[in-house]
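*Asks:* Listed below, chain by chain, are the residues.
2 protein chains.
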Amino acid sequence: MIEQRKINGDLRKERTTCTFDVEELTNYLDGGAEVTRKRRKFVNFFLNDSSFKNDVPGEYLSHQELYEETIRKVCILFDKIKKWSILNNDTDDIYLYIWQYGIDTAIMKQNIPLDVHVTMFLPTLIGQGTPEQQSEWVPRALSNEILGTYAQTELGHGTFIRGLETTSTYDSATEEFILNSPTLTSYKWWPGGLGHSCNYAVVLAQLYTQGIHRGLHSFIVQIRDSETWIPLPGIKIGEIGSKFGMNSANNGYLAFDNVRIPRKQMLMKNSLVHKNGAYEKSSHEKLMYGAMVFVRVLIVRSLVTHNLFKSVTIAVRYSAIRRQSKLKSGNSESQILDYQTQQYKLFPVIATALVYKFAAQWLWEKYSTVTSELAAGDLKHLPELHAMACCLKAVGTADAAIGVTTCRLACGGHGFMNSSNLPNIYTQTTAAETYEGENTVLLLQTARFLMKTYRTVKTGSFSTSTTLSYMENYNDLKKRRWTSTLECMASAFYQVAGSKIEDCNLTIKRLVNSGVTQEDAWNQTSIKLTHASEAHCRAFVIDVYLKILQTSTFSTEIMKVLTDLGELICACWIINRLGDFLQFSNLKPCDVQSIQYLLEDCLKRIRPNAVGLVDSFDIHDNILDSTLGCYDGNVYERIFEEANKSPLNKEPVNRSFELYLKPFLKSNI
Amino acid sequence: MIEQRKINGDLRKERTTCTFDVEELTNYLDGGAEVTRKRRKFVNFFLNDSSFKNDVPGEYLSHQELYEETIRKVCILFDKIKKWSILNNDTDDIYLYIWQYGIDTAIMKQNIPLDVHVTMFLPTLIGQGTPEQQSEWVPRALSNEILGTYAQTELGHGTFIRGLETTSTYDSATEEFILNSPTLTSYKWWPGGLGHSCNYAVVLAQLYTQGIHRGLHSFIVQIRDSETWIPLPGIKIGEIGSKFGMNSANNGYLAFDNVRIPRKQMLMKNSLVHKNGAYEKSSHEKLMYGAMVFVRVLIVRSLVTHNLFKSVTIAVRYSAIRRQSKLKSGNSESQILDYQTQQYKLFPVIATALVYKFAAQWLWEKYSTVTSELAAGDLKHLPELHAMACCLKAVGTADAAIGVTTCRLACGGHGFMNSSNLPNIYTQTTAAETYEGENTVLLLQTARFLMKTYRTVKTGSFSTSTTLSYMENYNDLKKRRWTSTLECMASAFYQVAGSKIEDCNLTIKRLVNSGVTQEDAWNQTSIKLTHASEAHCRAFVIDVYLKILQTSTFSTEIMKVLTDLGELICACWIINRLGDFLQFSNLKPCDVQSIQYLLEDCLKRIRPNAVGLVDSFDIHDNILDSTLGCYDGNVYERIFEEANKSPLNKEPVNRSFELYLKPFLKSNI
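In order, the protein sequences belong to chains U and D. Take 1 as the starting number for the first sequence in UniProt numbering and just add one per residue. Take 1 as the starting number for the second sequence in UniProt numbering and just add one per residue.
Hints in this document: simulated from the structure, not taken from any laboratory. Some hints here could point you the wrong way.
What the hints assert, rightly or not - SDA-like, lysine to any residue: derived pairs with alpha carbons at most 20 Å apart:
hint : chain 1 : residue 1 : chain 2 : residue 2
1    : U       : Lys588    : D       : Ile575
2    : D       : Lys82     : D       : Thr130
3    : D       : Lys82     : U       : Tyr660
4    : D       : Lys560    : D       : Glu600
5    : D       : Lys83     : U       : Tyr660
6    : U       : Lys645    : U       : Leu66
What the hints assert, rightly or not - Derived coverage of chain D by chain U (criterion: at least 3 residues anywhere in the stretch with Cβ under 8 Å from a Cβ of chain U; other residues may be distant):
hint : segment
7    : 137–145
8    : 170–179
9    : 654–664
Stated by the list, open to error - Pairwise CB distance ranges (calculated):
hint : chain 1 : residue 1 : chain 2 : residue 2 : range
10   : D       : Asp601    : U       : Lys380    : 36 to 46 Å
11   : U       : Ile669    : D       : Glu175    : 19 to 29 Å
12   : D       : Trp364    : U       : Arg40     : 52 to 62 Å
13   : U       : Gly330    : D       : Asp601    : 55 to 65 Å
Small disclaimer: the values here were computed from a predicted structure and weren't measured. Using N, Cα and C, we set each Cβ at its ideal position, and we do this for glycine too.
Assemble the whole structure, with the sequences as input and the hints as a guide.
*Replies:* The structure is reproduced here in structure tokens:
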């Protein structure tokens, strides 16, 4: 930690006004003081390594140079992961922490090409391989002797995986599968690391045996020679080109021209192709859910929460040191954090980060429970887990993208500079609105579950899903008198969600009765359906937060500030969707003023704790990686220092002057 | 134009379903068939020039290479501008067209370093120079014999220009000004082209003469030697480093250490420093408004409208050729444009683009009128112009940023690729939310005008501003019965705006009565004040659109589709702020269903015209610069072709394999 005397005076003052013990909240958020200690040790082990330092920051490199630098660092990172395990005798899944704490992105400012090797290639081998296949492949992948990617999406198909076109045709004569890419749109497109960083891939393809189409299956395919790295015969590989962000992820394309692989390289845990080509489906298709759900859980847990934490830490600290204009003439310039409009931008982001933090915790625990149940053959709670992962991923990433943008804009022009790190956090966050299930599609998947459950409940059955128990009583709740308390507001969210689901059901019924087909009726109700899913998600998130406050043991001071934040986020979300609450909840027009007042009052109450709150997120300066957000608040010195790292600032005159400008100017005299 | 047979079948079909004459609408939007003809000639003249072609697309270059390539192209562009003027005997302000049609961004994908030379340096010389100064400097700037930038913003101050710290102290002994940058925060920061592309700057500094502080004034300062381009003694220059976008703009920093310039290099049209240091203020400060307003008018007219046109053209065409999943089992995959949720994302963006197009036209005409009035010494309408430019810039750029993002997300993963051009359009658009007046600050400026006018009207006086005449009758309008017609909805927007302004006035009054100071009361009402400004802006924009429909002569078919779009945008904006309309307008809860129905019905009505509408925006393929948006719809071929331009795809194996990956893999066996 930097010496106290070097810390910006405004920030130092802010830290003295904080009403609660920052370390206590940090420990709570981590899950205990011991976890905080381990996390700090972990982060320092990885980030205090000078071999990750850049001579020139990544944003000044060419696309190709950036890739080369990424590979250099990735190899160091993977070696360090092994070293950490050995040194600390740590058998946990280290990569999960790398991801959760944002170490990979701290090193490259972006996702790295071998993410997919760890988060998808390896889990697929484990999840879909037979015991023999696992013993052959998993140790090689685990030790990084081979590097793999997961090739599902194609140029022409992302969302609708049944439409994938890559084929795998079994040839019983040679006991091989023959892989082909029959069209340009069948080219695999997007897999991370596929461009130049992997020699293996799990490939999803339409299986044909005995002349019969057997649906999508997964195959292990070697794509590059391990000695020369040259693509194997019949295989076309490249990277997909420059993107909005995540350019070090090396997303690639892949096409097959009669590529043969042995029979045993189809992953056969769930279905079997015999030597003669006979096909046998062995297990429940719903088990496929599990793996898809896992990545969505990770997105909510790591990406949504972490990127909101980072952005709002940067913006709040900057707003404490930035002084601009005067609230009162005669006084000195005001900290921009004292402007009501600035508080209104930033404090709800703090609250948003926390409510998703707790919701992600619920989701993570639910995932563990359901995984155990699945292992015991119990599929009962899988649809609920799936539905909640879908809407939390969709609403969470959308809220995170908006939150990060709000933080960036709240930093004015300086937020537009890459040295603030806010642009980079944004591109990373918004990418997750699309990948691993496009958000609108996910909301409609949740909606299917909601509609189904709603109809079940209406016929008198009870729901087995605790997240949907409100369907039984949301109309009764409307009879209560409004008070602007957390409990009352949380209840209003359920009233809105329930009413919206009811309205969707009615709309579809009405359309079908008027002669529209079921499928068209669904499409014609889909705007409303996505809104119903969103309302359900928000009601759930608020409820989880409320329950945390009701069941955890905090100090009085922390309870107070967490209550302030809870009231703030409820008030904000209600005001932003006021029409819904006026139509569908016990909120009356005469109560609106009290909500607006509550909102403004929360901003005032949170003001002295704003810096303390972001400090409690305890993000290492190297992870923030921001000139505006560092713990010491020496913003202007850092901005200037970073600017001077631009290669253009190494020479007083760029060569383009002699080459182009000078002749141009002369010609104009 | 590309031959018909090469056009994607889906797009070809879409074009046959269009109900109106695309060329008629194009001509209307241009301002007549003659303007369309000239625009096309102009665009072709600039864009059909192979010297603007890239060997390697800009996104693969390093920061420095990108800059050098930019300067090469800028010199060609400026030569071509002269050539056009001569060839066509065209005395118009050519650069305005370059900007309006997006030619500069088409050439570099980004703003160019000499934008500021034309849009700010030159106008400031003209606007603030005496006739003698003008005759000395303007011809040299106009012929590009010297290249200038406009240095106002500093590292520590953007919004609050009175806080700028650069000093200019008059030394009557030598009849010179001495420029100094007393602190790091006083460094000029952000001026476009300042980094390495200009040898002159207009510098804003705090003037001191005879030991007295005289406030901010403008000075012409040479910053680089014209022969060697080396920064002059006492001058420190560099670029500010990498940014979210607009990296070819070469934004720079600048500091002075006792730099002396002759007395005649202070721009003295509005105030004078005599040889002996005596200071004389000659004219009205409000005249400074004019120049600031001009750039905001340009932003609404060019950037907001044009970037929405481009984005929605790309997204609609892509959605017509992209097929994904099936609306009806058994059928072939559906065009994603047939999904209600996709229509709900895109069609409102078409409407948004058009309403701002018309509002910008109003603003442009208002600007011309007020400029003439100013020349005649009449300042009456300046505050209204200023207030409208502020809120239209703020709400327009915010809506544009959201619209562009919506289009990008609607294109799924492919929208994230830079070859879609959507990321680049976004960074350009969102930058305008901050520059030339941060949006929240601008909304509060409009709010000041609204509050002042409101109080005037309440005391019985009439407003001289036609945009505010609704303040006299918004409460009466609430008595009318709701019908979901354009007229009724437009009136509701005024009811909401008026009521929100009234509420702000009441809130401030109440606070002041309770003992809060006027200044604190303003701050504590500022969330509401920004919302009131926004409501005013939307009411105005809708009203302009309605008046265009009422007063222009369109064919029946075009009138129909423009009415569809008008109803759609009203319905969308009402639903998005339903709470406001339920509280403050004649809309009753029982009317809400009819608005939702209208919205959905508009989507259906617009569906057959979607491609026709974006075709009518008539954006040249080279300006769209998008693999997803080209007129012919050959999306997948273009994506693949662009991907292969990546330098990483020029070799089968990147050098990082031998350098890093191979040793790493070997060590893991």
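*Asks:* Measuring from beta carbon to beta carbon, are isoleucine 669/U and glutamate 175/D in 19 to 29 Å?
*Replies:* Hint holds: Cβ distance 28 Å, inside 19 to 29 Å.
*Asks:* State, for the Cβ atoms of glycine 330/U and aspartate 601/D, whether the hinted interval 55 to 65 Å holds or is violated.
*Replies:* holds (58 Å)
*Asks:* Taking 20 Å as the top limit, are the C-alpha atoms of lysine 588/U and isoleucine 575/D close enough?
*Replies:* holds (18 Å)
*Asks:* For the segment 170–179 of chain D, do three or more residues have a beta carbon lying closer than 8 Å to a beta carbon of chain U?
*Replies:* violated (count 0)
*Asks:* Between lysine 83/D and tyrosine 660/U, is the straight-line Cα distance small enough, at 20 Å or below?
*Replies:* holds (18 Å)
*Asks:* The segment 654–664 of chain D covered by chain U? Criterion: 3 or more residues, Cβ-Cβ distance below 8 Å.
*Replies:* holds (count 10)
*Asks:* Has the segment 137–145 of chain D got at least three residues whose CB is nearer than 8 Å to a CB belonging to chain U?
*Replies:* Satisfied; 3 residues make the cut.
*Asks:* Decide if the proposed pair is consistent with the structure: lysine 645/U and leucine 66/U, CA atoms, cutoff 20 Å inclusive.
*Replies:* Roughly 16 Å between the alpha carbons, so the hint for lysine 645/U and leucine 66/U holds.
*Asks:* Are lysine 82/D and tyrosine 660/U close enough, with their CA atoms no more than 20 Å apart?
*Replies:* holds (17 Å)
*Asks:* With the threshold set at 20 Å, check whether the alpha-carbon distance from lysine 82/D to threonine 130/D stays at or below it.
*Replies:* Not satisfied, since the Cα-Cα distance of roughly 27 Å exceeds 20 Å.
*Asks:* Taking the beta carbons of tryptophan 364/D and arginine 40/U, is their distance inside 52 to 62 Å?
*Replies:* holds (58 Å)
*Asks:* For the pair we were handed, lysine 560/D and glutamate 600/D, check the Cα-Cα distance against 20 Å.
*Replies:* Cα-Cα ~16 Å, so holds.
In the structure shown, a violation is registered for the earlier hints numbered 2 and 8, in ascending order.
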